[in-house]
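A.B. asks: One-letter residues, chain by chain:
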Amino acid sequence: MDPNEELGACIPRLRRYARALLGARGGADDLVQDTLERAWRKLHLWRRGAELRPWLFSIMHNLYVDQARRYGVDTLSLDEVDLDIPVRATQEDLVEVHDLQGALALLPAEQRQVLLLVALEQMAYKDVARTLDIPLGTVMSRLSRGRERLRELMEGRPRVVPLKVVR
Amino acid sequence: MKVLPVTEDDLQAYVDDQLTLERRDEVEAWLANRPQDAARLRAYQQQNEAMRSLFAPVMDEPVPERLSAAVRPARPGGPAWLRVAAMVSAVGLGSVLGWTLRSEVLPLQMAQPELSSHAVRSMPASASGTGLARRAAIAHAVYSPDVRRPVEISADQEDQLVAWLSKRLGVSLKPPILGDLGYELIGGRLLPGDAGPVAQFMYHDVSGKRLTLYVSHETHDEGETAFQFAEEGPIGVFFWVDRGMGYAISAGADKGELARVALAVHAQLRSK
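Going line by line, the protein sequences match chains A and B.
Numbering-wise, the first sequence is residues 1 to 167 according to the working numbering.
Numbering-wise, the second sequence is residues 1001 to 1272 according to the working numbering.
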């Protein structure tokens, strides 16, 4: 397949992932467009024969990280650094979240990314690691934590509030 | 044979079916005695399925034009003049360069005998009418060479486009259908104008040639003017004011071609 066609064929998947990643508040198609434009410009850097999908998703991931950096404080949730500190629940945490989309939105972004690539894209773990540029072990721990957190949210169980640490 | 201890990673991989068949059997045997873990993994599998079905509809949505355009080989960027004009206009230097449009009132009765009489009123080109043509020509020069993002909302979301532009301009606005003349709607965008927001609809023909319809409020003495024609370089602009609204058709086309489009647009707008 011609690389342009292949890029085009990936658009629905990129849109799905972006929508799930950013939630309903929009901007998903803008992220996809930026991804396609950057991919288009860098197509000559893409190794022929290599799989296009992880490459495309890693471009999208980098743009997403840039955006998050631009619009928000650069944070890392505490449980990422393996500190489960019990924190007094706030009013917001008492609200039960039964809908999946709402629950996903409450996950730390780094867990949501892994979970979505695994669940929606059905990506092999090593490809997830490559896409997000993190070690395989980190993929596995984020996946495990993300799933458990999601289960708690869906079941409306009280949880440990994720603290944000400014890097 | 000694079975390796089952780890949390194995359990995750079991959920995602990323284990070898042999290892999967071992994990299943391990789970048989651990109902709590088995229930937990079932919940994870349900999460996977729920996420897939929640976002499956996105896969079936038509891909917005602006996205498919982003991976299409760019056509040669059009005449250098257009690209320069686009750049210059984009940074607001158009007026500094003294871009002047020659404007003329056409003897339309001769050129277009079928033209309805109310539109044919010979009038000197008014200052604001020329302003309209100039603004339309600049907008055409800026946006029509844009291969990737020529419009903000594409024609496949016409309802949304119509609702949005109508709301912002405060008048009911529907892009004319120009298929009979060989022009298909690409979409539209909103632009800033002297008297509030301006709408620009973009069309193209089979060869990719683009034509824009510029619609703005005209704070004009007269409620309407005759058709007028102006041109600068390769861009021809056919424009008129009707019931307080200014309309301008711009394209790299000759006067006859633009006149046909202008008449069709005028007729469709009037029939509403």
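No wet-lab data here; the hints were simulated from the structure.
Careful, some of the hints might be misleading.
[Claimed, not checked] Listed next, the in silico EDC-like pairs over lysine to aspartate or glutamate satisfying Cα-Cα at most 20 angstroms (straight line): (1) A:Lys42 - A:Asp99; (2) A:Lys126 - B:Asp1205; (3) B:Lys1209 - B:Glu1065; (4) B:Lys1209 - B:Glu1231; (5) A:Lys126 - B:Glu1232; (6) B:Lys1209 - B:Glu1224; (7) A:Lys126 - B:Asp1017; (8) B:Lys1209 - B:Asp1194; (9) B:Lys1167 - B:Asp1146; (10) A:Lys126 - B:Asp1016; (11) B:Lys1255 - B:Glu1231; (12) B:Lys1209 - B:Asp1146; (13) A:Lys126 - B:Glu1231; (14) B:Lys1255 - B:Asp1194; (15) B:Lys1167 - B:Glu1184.
[Said to hold, decoys possible] Stretch-level coverage of chain B by chain A, calculated; a stretch enters the list once three of its residues show a Cβ under 8 angstroms from a Cβ in chain A: (16) 1003-1015; (17) 1038-1048.
Cβ atoms here follow ideal geometry from the backbone N, Cα and C, with glycine treated the same way.
A.B. asks: Apply the coverage criterion to the segment 1003-1015 of chain B and chain A: a residue qualifies when its Cβ sits closer than 8 angstroms to a Cβ of the chain, and three qualifying residues are needed.
C.D. replies: n = 5 at 8 angstroms, threshold three: holds.
A.B. asks: Between Lys126 (chain A) and Glu1232 (chain B), does the CA-CA distance stay at or below 20 angstroms?
C.D. replies: Answer violated: Lys126 (chain A) to Glu1232 (chain B) is near 58 angstroms, above 20 angstroms.
A.B. asks: Compare the distance between the alpha carbons of Lys1209 (chain B) and Asp1194 (chain B) with 20 angstroms, and conclude whether the hinted pair is satisfied.
C.D. replies: The given pair, whose Cα atoms are some 28 angstroms apart, is violated under the 20 angstroms limit.
A.B. asks: Between Lys126 (chain A) and Asp1017 (chain B), is the straight-line Cα distance small enough, at 20 angstroms or below?
C.D. replies: The given pair, whose Cα atoms are some 14 angstroms apart, holds under the 20 angstroms limit.
A.B. asks: If you draw a straight line from the CA of Lys42 (chain A) to the CA of Asp99 (chain A), is it 20 angstroms or shorter?
C.D. replies: violated (39 angstroms)
A.B. asks: Quick one, are Lys126 (chain A) and Asp1016 (chain B) close enough, alpha carbons at most 20 angstroms?
C.D. replies: holds (13 angstroms)
A.B. asks: Decide if the proposed pair is consistent with the structure: Lys1209 (chain B) and Glu1231 (chain B), CA atoms, cutoff 20 angstroms inclusive.
C.D. replies: holds (17 angstroms)
A.B. asks: Tell me if the straight-line CA distance from Lys1209 (chain B) to Asp1146 (chain B) falls inside 20 angstroms.
C.D. replies: Distance ~12 angstroms between Lys1209 (chain B) and Asp1146 (chain B) Cα, so the pair holds.
A.B. asks: So if I understand the rule, the pair passes when the alpha-carbon distance is 20 angstroms or less; does Lys126 (chain A) with Glu1231 (chain B) pass?
C.D. replies: Given pair Lys126 (chain A), Glu1231 (chain B) is violated - Cα atoms ~60 angstroms apart, limit 20 angstroms.
A.B. asks: For the segment 1038-1048 of chain B, does the count of residues with a C-beta closer than 8 angstroms to a C-beta of chain A reach 3?
C.D. replies: holds (count 5)
A.B. asks: Tell me if the straight-line CA distance from Lys1209 (chain B) to Glu1065 (chain B) falls inside 20 angstroms.
C.D. replies: Holds, at roughly 17 angstroms.
A.B. asks: Please work out if Lys1255 (chain B) and Glu1231 (chain B) have their alpha carbons no farther apart than 20 angstroms.
C.D. replies: Holds. Lys1255 (chain B) to Glu1231 (chain B) sits at ~9 angstroms (cutoff 20 angstroms).
Consistency with the previously given hints fails for numbers 1, 2, 5, 6, 8, 9, 13, 14 and 15, ordered from lowest to highest.
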